[in-house]
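*Asks:* Protein chains in written order, with my numbering: chain A, 1 to 139; chain B, 1 to 72.
The reader is advised that the hints may include incorrect statements.
Selected chain B positions facing chain A (in silico; Cβ < 10 angstroms) [unchecked claim]:
1. Val33
2. Pro48
3. Ser49
4. Val52
Just so you know, the hints here were simulated from the structure itself, not pulled from any lab data. Since the structure is predicted, the reported quantities are computational estimates derived from the model, not experimental observations. By construction, the Cβ of each residue, glycine as well, lies at the ideal position given by its N, Cα and C atoms.
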Amino acid sequence: MNNSFKENYHWVTLISIVLIYGYYFVKVLPPSGPDITAENVTLFAGLLVLLVVLHIVGAIVLIAVAKFNDPHPDERDQLVNLKGSRNASWILTTGVFAGMAAVLLAPGNFWVLHILLASLVVSQLVESATQIFHYRRGF
Amino acid sequence: MGKSGSHIANNIRKLRFDHEEMTQLELAEKVGVTRQTVYAIEKNKYSPSLEVAFRIAMAFDVPLDEVFKYKP
């Protein structure tokens, strides 16, 4: 079976998030102080733009190379999306609580912001990975 | 919306063959789902909603129980 456009697009999302945010966290950790720096913000903004560009290029390549024969999500797509969102919400909720704990325990804003960012990134990864899993294995 | 390994078997592959070797894409277009969903239903990886099940039966012009069988 050929992968659907949606499944391939989730692969693009997964790989681009790992590469972009992986690079970001490698560059900013360990922190140089308790607060985020201007360099952190500049790096983050630049990588965010790159992430958007990667997504657009990835979608264009997929449309050009693969057959874009399933533009409208059907009931199975909607269920797969819901399962991905449900798993992602658990990660995000945990991250918010961890961020609240960091407000109380860690000085400065570096750890609070990066715990929240990390939980967002991991939740996106889990969402895409869950959807790929269900597209490949069924449910 | 069932799970893989469900107790619901189907004859979609045979029915497609009997209908001038209808492709999965042709069936998908008649039913209003993606080809990947037809593939998943055919391979028992996904149990469709009742509405989609009826639409599949209508696409082959047969009763529902000729397409799907429940095996407890």
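*Asks:* Output the indices of the hints that this structure fails to meet, ascending.
*Replies:* none
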